[in-house]
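K.L.:
So the chains spell out like this:
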Amino acid sequence: MAPRESSHEPTSTPDPVEKGFATLATLRIGVKAFVEKDGEKRKAEILSIQTRRGKPTFYVHYEEFNKRLDEWIPAERIDLSREVEWPAPEKLEKKKAASTVSKSQPSKAETSKVPKNLKRARSKLDREISATPEATSTNLPGKAARPSKASGKENKEHIALVSTEVTDDSTPKADDEEMDLVDVQDAAAAAKAAPPEIYSREDEIEKLRTSGSMTQNQTEISRVRNLDRVQMGQFEIEPWYFSPYPVDFTDAEMVYICEFCLGYFGDVTQFERHRTKCTLLHPPGNEIYRDDYVSFFEIDGRRQRTWCRNLCLLSKLFLDHKTLYYDVDPFLFYCMCTRDEHGFHLVGYFSKEKESAEGYNVACILTLPQYQRKGFGKLLIAFSYELSKREGKLGSPEKPLSDLGLLGYRAYWQETIVDILMDGRTEANVEDLGAMTAMTTTDVLHTLQNLNMLRYSKNQHVIVLTDAVVEQRERQKAKEKIKGRRIIDPDRLQWKPPVFTASSRTWNW
Amino acid sequence: MTQRVTGQRFRQRKLSTKQNLPVLRENEVEKLPDDDAQRHIPKVETGVEKGEEIEHHLQAVISASQAAATGGKVAQLYIPTPEAVASSLQYEQLYPRHFAQPATYIRFSSTVEDCVGCPYCMTSDDMLFLKEMNQRKGRTIQCTEDEFEEVMNFFEETAQTKQPYAAVDNPPVLSYEEIETEFDEAISESSRRFAKDIYEHWKNQRLLTSNRSLMPTLKFETNLETDDSDPYVCFRRREVRQVRKTRGRDAQVTEKLKKLRKELEEARYLMSRVKVREVMARDQLAIDRQIFEQRATVKEAKRKLGIKGDDEDLINQKPAPKPKPKVDSTAVQRGIPGMGPKPQLTRPDGRLLDSDLVSLQEQLAKKEEAINGFIEENLAKHQKWNQGWEDLTWRPITPPLEQAASRSTFRPVTCQQLPTPPASVSSENSGDNLNADQDMNKVEKQNRVVVRYASPPDDVPYPDQRRYRRRKGRGGRIMVDRRGVKRPCLEPIDERVLDRHKYSGDSSEDEQLYFVDPYDNLHIKYRMMIDRQGEKAQGIAQTRRSIGDSNHLHQNHNRSASGHLLPPSNAAG
Chain B
1 MAPRESSHEP TSTPDPVEKG FATLATLRIG VKAFVEKDGE KRKAEILSIQ
51 TRRGKPTFYV HYEEFNKRLD EWIPAERIDL SREVEWPAPE KLEKKKAAST
101 VSKSQPSKAE TSKVPKNLKR ARSKLDREIS ATPEATSTNL PGKAARPSKA
151 SGKENKEHIA LVSTEVTDDS TPKADDEEMD LVDVQDAAAA AKAAPPEIYS
201 REDEIEKLRT SGSMTQNQTE ISRVRNLDRV QMGQFEIEPW YFSPYPVDFT
251 DAEMVYICEF CLGYFGDVTQ FERHRTKCTL LHPPGNEIYR DDYVSFFEID
301 GRRQRTWCRN LCLLSKLFLD HKTLYYDVDP FLFYCMCTRD EHGFHLVGYF
351 SKEKESAEGY NVACILTLPQ YQRKGFGKLL IAFSYELSKR EGKLGSPEKP
401 LSDLGLLGYR AYWQETIVDI LMDGRTEANV EDLGAMTAMT TTDVLHTLQN
451 LNMLRYSKNQ HVIVLTDAVV EQRERQKAKE KIKGRRIIDP DRLQWKPPVF
501 TASSRTWNW
Chain E
1 MTQRVTGQRF RQRKLSTKQN LPVLRENEVE KLPDDDAQRH IPKVETGVEK
51 GEEIEHHLQA VISASQAAAT GGKVAQLYIP TPEAVASSLQ YEQLYPRHFA
101 QPATYIRFSS TVEDCVGCPY CMTSDDMLFL KEMNQRKGRT IQCTEDEFEE
151 VMNFFEETAQ TKQPYAAVDN PPVLSYEEIE TEFDEAISES SRRFAKDIYE
201 HWKNQRLLTS NRSLMPTLKF ETNLETDDSD PYVCFRRREV RQVRKTRGRD
251 AQVTEKLKKL RKELEEARYL MSRVKVREVM ARDQLAIDRQ IFEQRATVKE
301 AKRKLGIKGD DEDLINQKPA PKPKPKVDST AVQRGIPGMG PKPQLTRPDG
351 RLLDSDLVSL QEQLAKKEEA INGFIEENLA KHQKWNQGWE DLTWRPITPP
401 LEQAASRSTF RPVTCQQLPT PPASVSSENS GDNLNADQDM NKVEKQNRVV
451 VRYASPPDDV PYPDQRRYRR RKGRGGRIMV DRRGVKRPCL EPIDERVLDR
501 HKYSGDSSED EQLYFVDPYD NLHIKYRMMI DRQGEKAQGI AQTRRSIGDS
551 NHLHQNHNRS ASGHLLPPSN AAG
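Note that the protein sequences, when read in sequence, are chains B and E. First residue of the first sequence? That's 1 in UniProt numbering, and the numbers climb one at a time after it. First residue of the second sequence? That's 1 in UniProt numbering, and the numbers climb one at a time after it.
Just so you know, these hints were derived from the structure itself, not from any lab. Beta carbons are placed, not taken as given, at the ideal position from N, Cα and C, and that holds for glycine.
SDA-like cross-link-like pairs, simulated, lysine to any residue; straight-line CA separation at most 25 Å:
1. E:Lys131 to B:Asp267
2. B:Lys479 to E:Gln76
3. B:Lys277 to E:Gly117
4. B:Lys393 to B:Thr501
5. B:Lys354 to E:Phe108
6. B:Lys277 to E:Thr158
7. B:Lys483 to E:Leu77
8. E:Lys18 to B:Arg390
9. B:Lys37 to E:Ile62
10. E:Lys14 to B:Ala435
11. B:Lys477 to E:Leu77
12. E:Lys256 to B:Ala502
13. B:Lys374 to E:Ala84
14. E:Lys18 to B:Ala435
15. E:Lys18 to B:Glu358
16. E:Lys18 to B:Ala428
17. E:Lys14 to B:Thr441
18. B:Lys483 to E:Gln76
19. B:Lys55 to E:Pro82
20. E:Lys256 to B:Arg302
21. E:Lys259 to E:Leu270
22. B:Lys354 to E:Thr111
23. B:Lys458 to B:Thr426
24. B:Lys354 to E:Leu257
25. B:Lys477 to E:Gln66
26. E:Lys256 to B:Arg303
27. B:Lys277 to E:Ser109
28. B:Lys458 to E:Glu26
29. B:Lys41 to B:Ala25
Just the calculated beta-carbon pair ranges, DEER-fashion:
30. E:Thr144 to B:Asp291: 39 to 45 Å
31. B:Thr269 to E:Ala251: 46 to 52 Å
32. E:Ser16 to B:Thr501: 36 to 42 Å
33. E:Glu200 to B:Asp291: 54 to 60 Å
34. B:Arg505 to E:Thr111: 20 to 26 Å
35. B:Thr501 to E:Glu265: 21 to 27 Å
36. B:Asp79 to E:Ala100: 56 to 62 Å
37. B:Glu355 to E:Thr111: 20 to 26 Å
38. B:Thr501 to E:Lys18: 31 to 37 Å
39. E:Leu224 to B:Thr269: 32 to 38 Å
40. B:Ala478 to E:Thr111: 44 to 50 Å
Given the sequences, and given the hints that come with them, work out the whole structure.
P.N.:
Structure below.
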């Protein structure tokens, strides 16, 4: 708890941390050690330990890396020649933490102070909740002996922001320019003024019950990944995050997912048998958009419960903040597919509340990893705004955004706004820009500000089309000329905003 | 929040989102980037969680793009993600190319459950078992994979319905007998053959998974305390929202839905019964056909053996003509030499041969008899009820039925009403009489009594009294007026003839006729009262009466006799 409390100052560790040399035998959950990652040493926290084929393996989280890069590593990659940090002893809840977890991410807690008792209550909850998956995967004798819990991650060695030293080797490259996919998660209210951490678990669940598809809860998002590999369509994918697929799959080497019905199988024979019987060739709903590149289907969570559940389980593998706590009834799912003779291949989707109190036009949005970096994310986002235009509403994605989500949205917003400003107009106001694009005023401001386009000159605010922005757009256009531009054509959208009656709202959609 | 910069000469205005702002190129603005300007615009949140916002790769990309936006040249960066690689599975086999895209947008509402067939999918263990089992079975009875899955699925579903809380209370694996009782149309006949064999395998598999479902399933809420902390429990139901004021209407809706559901169930039940019926009809047709063919064989055989068959046999093979059941049964009983008892003891329509045909006439006769009996019985009852009572409702609206009964004891009376004090009785009178009552004479000559009186006796009901009057018409015609004659209809009465006179009278149907007995004591008293009032009135009454009488005689004689005298009503008396 202590480290977390102080972590709002990322560059120092004000609390003394117990350091020392460790041996393989003394490593335990919560220990932070230097681990080799892509040729460099990074500090990483051990989240889980398992014995595989007689050798201990460690599930580690690299500090300042997204959790999707957490991984199982052999002992050899841990640098025992350097000192490790021992987890802070748990003062209060030692006894309860029999089988424990691990890390809770650097969270909002870092930037704001929270009354201690509140935090305590929360971290206790966290632990209890996250303990379960752990129990299934780790079963080390040493663990029980020294129950420990690192309740916070320390942010020493905070890396200066400017570094461009991103190691690119691990990054599959594709055409630049196109935005990455994008998973946006939403947790209602995350972006709201109130600091999210004062949500109690109960508050959050109530919030989730009435709206939204995602969570602020640290425990929800700090679990050890439970699936090793996933086979879907022509691809094998490495999951990014925990997803509540059947517990039995934890042991499966590979989970097979039917590309059309999204059913899941732990056994290849079962999967092959299933494929001989499954007659679905596209998402089970109405096609509402078709051009020569992609199609969109609208699926009602209530009517296609099984399919939508399957979709959520799948997308949870790649969306950290998505919660499957409640059922899918209050959502519509807009699924983007490419077509060939095999059928419609699901490429990505976004979900949308049937009625959003906060005015969100997207709940979760995801391009499946095997299709990322091909420009699909931008199409998904564009489509979500196209629906908002048809509804005559302004929309914004539910928060929090993921890192990829933020980048994807920023790229889309930039392109959209810059295009409008470059049509030769001499004046523009923020609200009109929003109305033309179905973007909220906040998002328009965010974009202009982020691009340094809002300035104050001669006693008034002005919008500046900076040379860099213009140049960037020109380069992009040149590229589009060569490769073709993929856009959403509003004329091909055959869609009316679905109407729901008061009684359907009352009766759970 | 923002500090006033002291060097600022003008107060900056707040950014207005409604106001038009000039759009400028960079070269049109002063070069001096005014760092302070940004501060006056509220900082917009990125929307990324604070804890993740600082992540290394994200910051790297953001700063790179910021650098790009501010003019720097930076290589495109990506946030690294775990890899997705091509799979080694035989995609072409698993996902055959048989999709043809329709010209119009797809509209589709089937669910996953509709599209995936049998939900149970064989594991490799099942494959091994099935192979072994089929080897044991021999070539003729082989269990297919589909049948195997059907059986397994049936076991799984039965277990699920019989032990819905298996996850909580750990019951023993269902026994085969328990499952067997559940066999229904969900499991086909062909699959049932293997159920027993597969059961052992299923049971073993269930035991391996401590009696949990064989197909991995998601964890749903069990309403136990542990639910909330179990990360595998997902897709909880959202509790129904607070009941609102519309409750009454909602309840109505629920009722309607319930009713609808019930009706649908009933319809479904009907359909299933119809299905059963049709299946039976089909079976029956098949049997009929078999009978027919076997008969044909018999015929064939008889021919071959030179047995002189009756043609009856051949006839029998067609549906027996309905009016001749006896022939059928005798033919059957006679049988064919050399053959066992004939199987066709029933007619093709399924009835026993010796069950007599019911003829329509008999049925009708029976019915009629029943009706008559009922009427007679009621009649007798009425008479009994009325015994000892005096009927003061002299003419009920419905003519009394007693009349019919009294007909037998009717004594025909030939009476002559003498309009004036009796003069001499002329011989023609009796002759006229005879002519008039010729038919009666024939029948009841013995009983005939001729009474001559000036006014009808009191004790005989007025309508039953026959009265005659002879008068002379123009040109010396002699007319006999009759009244109260009910001639039994011995000769057939032509309806059309009767009808002919129906409207010939001058009384229209609208006109109400009051039946009045002018010789009733009451009426006599009435007339006497009128008499006392004056001769004139009496005269009028007389005239009217005679007009009424003659009037009546020209009417259809089937009608009850009536006068047109306007009387005091009986009730008044």
